[in-house]
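*Asks:* Here the protein sequences line up with chains Y and L, keeping their order.
Residue numbers for the first sequence follow our numbering, beginning at 1 and rising by one.
Residue numbers for the second sequence follow our numbering, beginning at 449 and rising by one.
One thing to keep in mind: the hints can contain errors.
Mimicking DMTMM-like on lysine to aspartate or glutamate, the simulated pairs with C-alpha atoms at most 25 Å apart in a straight line are [said to hold, decoys possible]:
1) Lys285(Y) with Asp566(L)
2) Lys511(L) with Glu300(Y)
3) Lys285(Y) with Glu493(L)
4) Lys284(Y) with Glu545(L)
5) Lys286(Y) with Glu555(L)
6) Lys285(Y) with Glu454(L)
7) Lys459(L) with Glu322(Y)
8) Lys285(Y) with Glu532(L)
9) Lys285(Y) with Asp515(L)
10) Lys284(Y) with Glu536(L)
11) Lys286(Y) with Glu532(L)
12) Lys286(Y) with Glu574(L)
13) Lys284(Y) with Glu523(L)
14) Lys511(L) with Glu545(L)
15) Lys550(L) with Glu573(L)
16) Lys467(L) with Asp529(L)
17) Lys286(Y) with Asp558(L)
18) Lys58(Y) with Glu532(L)
19) Lys511(L) with Asp469(L)
20) Lys511(L) with Glu303(Y)
21) Lys286(Y) with Glu545(L)
22) Lys284(Y) with Glu508(L)
23) Lys286(Y) with Glu493(L)
24) Lys403(Y) with Glu445(Y)
25) Lys511(L) with Glu445(Y)
26) Lys286(Y) with Glu454(L)
27) Lys286(Y) with Glu508(L)
28) Lys467(L) with Glu508(L)
Partial list, computed: chain L residues near chain Y (C-beta under 10 Å) [what the hints assert, rightly or not]:
29) Lys459
30) Val487
31) Glu493
32) Arg496
33) Glu502
34) Ser503
35) Val506
36) Ala512
37) Val513
38) Tyr571
39) Glu573
40) Glu574
Hints are computed from structural coordinates only; laboratory data are not their basis.
Ideal Cβ placement from N, Cα and C applies to all residues, glycine included.
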Amino acid sequence: MRFLPNTDSDRRAMLERIGIADMRDLFADIPADFHIKTGSLDIPPAKSEAAILRQFSKAADQNRHAGQSRCFLGAGTYHHFVPAVVDYVISRGEFLTAYTPYQPEISQGTLQALFEFQTMISRLTGMEIANASMYEAATAVAEAALMARRITRRSRVVLSRAVNPRYRAVTRNYLSRLDGEVAEVDVQGLATDIEALAAAVDNSTACVIVQYPDFYGSVTDLSPLRQACDATGALLVVAFGDATAFALINPPGHFGADIAVGSGQSLGIPMGFGGPHLGLFACKKKFLRQMPGRVCGLTEDTEGRRGFVLTLSTREQHIRRERATSNICTNQGLMCTAAATYMTLLGDAGLAKVAAHSAAALQRLIDGLPTQVQAATGPHYNETVLSFENTEIRNRFLESAEKHCIFGGIPLEQIEPEAETRHLLVATTEMIEAEDVAEYLQLLEGVI
Amino acid sequence: MSIPAELKYTKEHEWLRIKGDVAVFGISDHAQEALGDIVFVEPPEVGRNFDAEESIGVVESVKAVSDVYAPVAGEITGINDALEGSPELVNSDPYGEGWIAKFRIAEGADLSELMDADAYQAYLEE
């Protein structure tokens, strides 16, 4: 959309037309105390385009970003490689819109991209159906909790504390205006406590929400939770942070998840200082009508030709008002086109390679750790927690790594305030080479 | 438009066929026509207890989604499984094969708000 400002003569003509001498007369109802006097703001004189570019480039050059560093940061946002083709495809005029199209007669290309996105997300997560995306992972998790409440007509939600604290905060916020308990279940040694979670599921539980791999990177067998859900009629909601995991480990569908929700940022979307990212939402087919968001469907036109349309919009807010399935009335159109392009480019084999390389880099790191630094035990995908003897040694390492253009990890307490201040959440992707791990380990040795 | 004389009707355009303390219900010919092509019917669960005017199901057409309201208080004893695969039965035979559910009328339930065919006809004309 272009921004075309009014000229002074436009403004004069408009004021004349409505019979007002001065634009300030339009704001006469606002008490004078609140008016800002002309000339009272200390704004420097206007700069030329070239000068602005120079000033902002200089400021931007001070940013330290993953592209010029070795990035061992995760916690829900991952530095995977994004092929140039992704940006090219989504920058084309036909795709460059954030909005889902309502008119199938002029939007077949976009709709087909959404349809294929849904198909690929279903396959990746092992679920029967997927919607045309959510805004990001945290609201997707919250929507899953609401959906489980609608389906089961129960109000209690069991939430693992090994779910990303930010997903939990948003979920608690969504549920805070509704009746019903949110029962949080503590972690066991910085990993999902599957037995405690299963024990917390009872006959009044709408769903149990577990992250897999969990926030701390642990990969846990979810079968006991499925059994607990079968015994009580609760739904199993599986959240995830890095969708590439399912090219290597069993996907949520393997464990009979009723709903799988998480981030699609890893699938061809840059970290971008936190957004825009992409939320994924998949579930069993029988829950289709209770799923938030929209679904793109394959159909035939009156002449029997293949066509794509949006379905289920009748359940959305602009038609159903307060009885809508959720207040999401759109999707993350451009980002899900990026993810569809990325998955198409890589294919099954490419994604499997990304996952294998990401996991191997972490294993290489763990294998080389000095004895004074412990990695969490049990299976992990591409993320784990390193525990130092104390805060000081950890912070010394982070400083030293930063000097060598390595983002060494996230101090756990920055995201989970209750955590001890000697842990470091560390993630790897296919962007981490063997020599990066070697240098990381060398710097680690240097500070202990 | 068809308004069978032997049935009772509600202001929400549901019909009831009452036999003793059991009733079968669906949506009226007028309702199905207003909704258009029906693509999905979400029936209530068998065994569910409900009060009059409670939302106990959903009828979805190509252009709108509408709640189905309980005509009187009761307990669901059966649903029309055929609607799962053929929701269009509600359009083609609203008073017959397009029935939605049957229920046991709660003891002491208030039936006085229900309309007979003439009253429903007059209500539609208003």
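*Asks:* Taking the hints in turn, state whether each one holds.
*Replies:* Hints, verified against the model:
no.	hint	result
1	Lys285(Y) with Asp566(L)	43 Å, violated
2	Lys511(L) with Glu300(Y)	18 Å, holds
3	Lys285(Y) with Glu493(L)	18 Å, holds
4	Lys284(Y) with Glu545(L)	29 Å, violated
5	Lys286(Y) with Glu555(L)	35 Å, violated
6	Lys285(Y) with Glu454(L)	40 Å, violated
7	Lys459(L) with Glu322(Y)	21 Å, holds
8	Lys285(Y) with Glu532(L)	13 Å, holds
9	Lys285(Y) with Asp515(L)	22 Å, holds
10	Lys284(Y) with Glu536(L)	24 Å, holds
11	Lys286(Y) with Glu532(L)	11 Å, holds
12	Lys286(Y) with Glu574(L)	41 Å, violated
13	Lys284(Y) with Glu523(L)	28 Å, violated
14	Lys511(L) with Glu545(L)	22 Å, holds
15	Lys550(L) with Glu573(L)	28 Å, violated
16	Lys467(L) with Asp529(L)	21 Å, holds
17	Lys286(Y) with Asp558(L)	36 Å, violated
18	Lys58(Y) with Glu532(L)	63 Å, violated
19	Lys511(L) with Asp469(L)	35 Å, violated
20	Lys511(L) with Glu303(Y)	22 Å, holds
21	Lys286(Y) with Glu545(L)	23 Å, holds
22	Lys284(Y) with Glu508(L)	20 Å, holds
23	Lys286(Y) with Glu493(L)	15 Å, holds
24	Lys403(Y) with Glu445(Y)	15 Å, holds
25	Lys511(L) with Glu445(Y)	66 Å, violated
26	Lys286(Y) with Glu454(L)	37 Å, violated
27	Lys286(Y) with Glu508(L)	16 Å, holds
28	Lys467(L) with Glu508(L)	28 Å, violated
29	Lys459	18 Å, violated
30	Val487	9 Å, holds
31	Glu493	9 Å, holds
32	Arg496	9 Å, holds
33	Glu502	12 Å, violated
34	Ser503	8 Å, holds
35	Val506	8 Å, holds
36	Ala512	6 Å, holds
37	Val513	5 Å, holds
38	Tyr571	24 Å, violated
39	Glu573	28 Å, violated
40	Glu574	25 Å, violated
In terms of the numbered hints stated before, the structure departs from hints 1, 4, 5, 6, 12, 13, 15, 17, 18, 19, 25, 26, 28, 29, 33, 38, 39, 40, listed from lowest to highest.
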